[in-house]
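Produce the entire structure from the sequences given, and follow the hints as far as they go.
Protein chains: 2
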Amino acid sequence: MIPVDIDALKANHPEHWMRATAIRALALDAVAKANSGHTGMPIGMADVATVLWSKHMKFDAAAPEWADRDRFILSAGHGSMLLYALLYLVGDAEITIDEVRNFRQLGAKTAGHPENFLAKGIECTTGPLGQGISMSVGFAIAEESLRARWGKKVFDHHTYVIAGDGCLMEGVSQEAIALAGRQKLGHLVVFWDNNGITIDGKVSISDNTNQPERFAASGWHVQEIDGHDPEAIDAAIAAAKADDRPSMIACKTHIALGHAAQDTSKGHGALTDAQQAIDAKGVWGWTAPAFEIPAEIKSWWEEAGSRGASERKEWEDRVAALSEAKQKELARMLAGEAPKKLSSTVKALKKQISESQPKVATRKSSEMVLEVINPILPETIGGSADLTGSNNTLTKDLGTFDFDSRKGRYVYYGIREHGMAAAMNGMALHGGVRPYGGTFMCFTDFARPAMRLAALQHIPTVFVMTHDSIGLGEDGPTHQPVEHLAISRATPNTLVFRPADTVETAEAWEIAFTQSATPSVLALSRQNLPTVRTEHKTKNLSAQGAYVLAEAEGKRQAIMIATGSEVAIALAAREALQAEGIGTRVVSMPCMELFADQDEAYRKRVLPAGPVRVGIEAACRLGWDRWLTGERGRANKADFVGMDSFGASAPAEELYAHFGITAEAAVEKVKALL
Amino acid sequence: MIPVDIDALKANHPEHWMRATAIRALALDAVAKANSGHTGMPIGMADVATVLWSKHMKFDAAAPEWADRDRFILSAGHGSMLLYALLYLVGDAEITIDEVRNFRQLGAKTAGHPENFLAKGIECTTGPLGQGISMSVGFAIAEESLRARWGKKVFDHHTYVIAGDGCLMEGVSQEAIALAGRQKLGHLVVFWDNNGITIDGKVSISDNTNQPERFAASGWHVQEIDGHDPEAIDAAIAAAKADDRPSMIACKTHIALGHAAQDTSKGHGALTDAQQAIDAKGVWGWTAPAFEIPAEIKSWWEEAGSRGASERKEWEDRVAALSEAKQKELARMLAGEAPKKLSSTVKALKKQISESQPKVATRKSSEMVLEVINPILPETIGGSADLTGSNNTLTKDLGTFDFDSRKGRYVYYGIREHGMAAAMNGMALHGGVRPYGGTFMCFTDFARPAMRLAALQHIPTVFVMTHDSIGLGEDGPTHQPVEHLAISRATPNTLVFRPADTVETAEAWEIAFTQSATPSVLALSRQNLPTVRTEHKTKNLSAQGAYVLAEAEGKRQAIMIATGSEVAIALAAREALQAEGIGTRVVSMPCMELFADQDEAYRKRVLPAGPVRVGIEAACRLGWDRWLTGERGRANKADFVGMDSFGASAPAEELYAHFGITAEAAVEKVKALL
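Keeping their order, the protein sequence lines are chains A and B. Throughout the first sequence, residue numbering follows our numbering, covering 1 to 674 in sequence. Throughout the second sequence, residue numbering follows our numbering, covering 1 to 674 in sequence.
Quick caveat, the hints were computed from the structure, so don't treat them as lab data. Virtual Cβ for every residue (Gly too), placed ideally from N, Cα, C. Incorrect hints may have been included.
[What the hints assert, rightly or not] No farther apart than 30 Å at their CA atoms in a straight line, the calculated lysine-lysine pairs in the DSBU-like style are these:
hint : chain 1 : residue 1 : chain 2 : residue 2
1    : B       : K266      : A       : K202
2    : A       : K539      : A       : K340
3    : B       : K396      : A       : K202
4    : B       : K184      : A       : K396
5    : B       : K184      : A       : K364
6    : A       : K671      : B       : K604
7    : A       : K252      : B       : K184
[Said to hold, decoys possible] Restraint ranges, calculated between C-beta atoms of paired labels, are given here:
hint : chain 1 : residue 1 : chain 2 : residue 2 : range
8    : A       : E224      : B       : E302      : 54 to 62 Å
9    : B       : K537      : A       : P530      : 53 to 61 Å
10   : A       : G107      : B       : Y602      : 41 to 49 Å
11   : B       : N208      : A       : G107      : 43 to 51 Å
Right, here's the structure in full:
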């Protein structure tokens, strides 16, 4: 154990010490009761958190959803008891002492890691390391954007982050740091809990990076302080707020301060030894029973929790002084509601497309849709991970979001798919903006941790994934998705759209932009596709997930089910089969999840028992059997045209022929099954 | 265009200029003929590559698999024509001028991005940015490890990397840089192609990181040079080799040097304009027809290609001077062949386990297996992304791999799942070592880009993924995999094992360690599991992917198919069903891919038509329908017990009950189907 003079800490700031130790005691008690969790981090960062929440954080514990509050992001999410202790102490209505006692139990709001959907006071779900700090960049972007558009009187707050060594070792943190530095996100303040300990031992066994130099290399304002000195903490936060760059405050701390496990990797985990707990409390000078906070300390904390109430009231007055139209618009954007015009705009576009029947790639279709949607949805913030011209994510009216043009709505994320996805999650969580961003679909892999967190956090981030198959062509198998539709479809609470043409693309965007709690993945083609929805329907057919695009003529002997670029192949196969008198229905299935949500009667109408079934998708079969052999299908009457290996490097049409994803192959499979 | 005095470049080093321009001309010709690709990067980095390959790289073009060659990794894989041009120029037997002419066409070895399995001269598959630089860390670790064990006379080579801005923006590069710096990988040299251009425009629109400072912060030796000055390049490489830290050489270059697209984002892509090509060649002073290299220049390059022949011969003599036993062992390890003892060791352990029938978590089973395998497989290099005690990846005999203990075989990777996975790929590609490494299965997401590349590259990396379900318990849904089995199963050329007990775990390891071209994922439980293989069988039953673990008594009315921790639940369900007179077979299915590979007759024996089928796996159903409703199954006679949402934070047993993954639920489903 590195010696620390705890008596001196107590003596120098006796009141602060006891207030901070309230956090320590709650963390120790809750983890011990749960017999699992992470005790040391809340103990080590209690001083920083106490100064931050009592002196700097702008919030009102009675109004955790106040739009102009400062955001607090516990990137080191395993230290969740730090957050729960703070919320309980300041008087949050949901995180009661019973919840703290119920830490990590079924149904509790105090889950093992913070989960934003369990309590309003929890800004985001963290635990997978590096995600919090990366989402914080999105929070800060949202704030800058809204401040530029609405003025400082409506939006003017900070984003505070506590990150540990794990967060900084995760690669995504570099993407976040570099993006924040480039964008000069001056309202972002990151505290690095520099305790020198990870699970496997000292940080030094796996890392010797000079973190302050690393942040400085990306344009951050950097300070290094004793993380147990409240005056130093206070001064550092003040300096951070005064600087127009993002700030990193390196806080030298002792994990599990005062406990027998202090400064050890054991201190990272659950400290459950009863005698050691008694001893630690003795060292801290804490005499209250478990889960009890002396009234004086609790009321001081509650005062800190209501410190922002008057500021909030003033903010509400300022908002009430806005024009009625502006107030309505602000409320709509904050609620994440789509404007009424969205539906009519999409309908008008669909009608025009069904008439003009363009043959374009669906990535281009997506751009055509965004060109009409972005002007009526001022809350959208688009972007791309350095593939703007390929992802077709930029529309004419957006302008560039930059440090000198904060009203711009297009972010050049750089080659940072993961950082982009996490930042978009942060924006969606912040509220008031609606993020979408593009990359090649194959790089779903890079963005995965954040894409999963979008689903888990119940937020409507939109991932624009272009070049969605071997149709990508010559760039070859490193860039050709095969398993990525399955990956996103396997993820709970995720809508995966693979539209067949511009009409379905418009329908997909309409659905994506009306979600409030579910992310969407748009899988879009590189190659040109014919318009298959040539008959205008005002109804959003994609909202049913799958529908009959072309009915069988004569006796229905076969059903071909296809998505995206393969719908045209299915139609060609149908034509060939019909020519031979084989009645064939074509079902377009742009969204399996939405189809699965339909009632049995509808699903049965689309996929009745009887006819042979052939699925067509230039991707792996995994996930298709449900529709081929399940849902009234039969194993000996079903087949699939798709990929069972990685792709190859060649022109797209040659690859389709080489891998046998053709109308001829589909026809043969149908005939073999009849 | 930033003005460059190309005449001065030519005049100062006229011979060098023409040799380097041979690369430029080939890149320009090949991309133009393919009408796709990336012209500018090979043009910009031709000078660096020329100096490196002709003056420093230890290689013999006639022996591309020489074990002690220097490795060249084109992390900026889109610049593949740089590598193909070099290989052709030095006389590689596979990359002929016809292959260069056939760039990016079906069946060519000259794919859009370098693919290691197409030609021996290609060390690894790159293109997904950041992967090459991250794999290079593994190459360098392998070399250090082998040098320590075999001596400098057998292994003493360098790993050279060309990385672009995209590589350095990708987060994984930070994991690689920090790991290499910490490990003082002095034989690793990274050239940063500092051309200031990405696809979306100037690097400065998305990044202003001071890369030299960033590398220096992680303990790298850093130099900054003019990347078109052959003397500066030569001196920098010499200095890099002399330094005992990993080296980064920042090379200021001009993308598409001398072309109309120089220094623009257009120069990044395919330059196909015929007149501009003529003009560029004019600027370069290049008069040879397309795809032709003047004899003098070609023979100079071929001389560079055979420069290492004598060194290789001396190396072969030194190896031949080793004892016969050592030569055999070296050959075995380089060939990636498992020792004969592996099979008997696994059999002995299985026998002992079937007798003692321990109830342990399969992560612990995995440790028990490794404890007996590691001593007989000296080529293994284990590790964990900071979860050693949880992943159970460390065995007693390994020792720590570190800068002062290179013979150690355990790497503390830090909280870097992605960097670990990529480094392991690099080790596997290097050869002579067999890497495995652990993290929580949920963090498959972080490692995904490298896990996919393991499969695509045909290498046997082993991913030890513990805490493979809601059985993880209190850490909650951020740490509980639901879709991750499906993710890995959807990936081509990947074996996904979910062993039910220690016997199956031993079988899985035996299969994983005998693979030569396929990565394995071991999904292991956190929670204790009973031994289900209580009857010893010398045969590796897991190698068939699935097998009958318990036969129905009486008329076979039901088949329960389960994996991993749910096999014991299936057995309990069977017992309850048998007690009611319902004959029930239990099929353990530790590896779906291997089962799919069995012949129809075997699959039919295991999964005959007729009985109802219920699958049990604490994960999403996606991927299961193939075995439930396909394979002679029927949609109305099949059901699944598993997850259809994210998990929750609570003790494991409560979660199993809460989500209905119980023997009772399985029994009910069977009865409902009968």
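These are the hints, each one checked on the structure:
1. B/K266 with A/K202: Measuring from Cα to Cα gives roughly 47 Å; hence the hint is violated.
2. A/K539 with A/K340: Between A/K539 and A/K340 the Cα gap is close to 15 Å, so the pair holds against 30 Å.
3. B/K396 with A/K202: holds, 20 Å
4. B/K184 with A/K396: violated, 49 Å
5. B/K184 with A/K364: violated, 48 Å
6. A/K671 with B/K604: The given pair, whose Cα atoms are some 25 Å apart, holds under the 30 Å limit.
7. A/K252 with B/K184: holds, 26 Å
8. A/E224 with B/E302: 54 to 62 Å: Holds: the Cβ-Cβ distance is about 56 Å, inside 54 to 62 Å.
9. B/K537 with A/P530: 53 to 61 Å: holds, 57 Å
10. A/G107 with B/Y602: 41 to 49 Å: holds, 46 Å
11. B/N208 with A/G107: 43 to 51 Å: Check passed, 47 Å falls within 43 to 51 Å.
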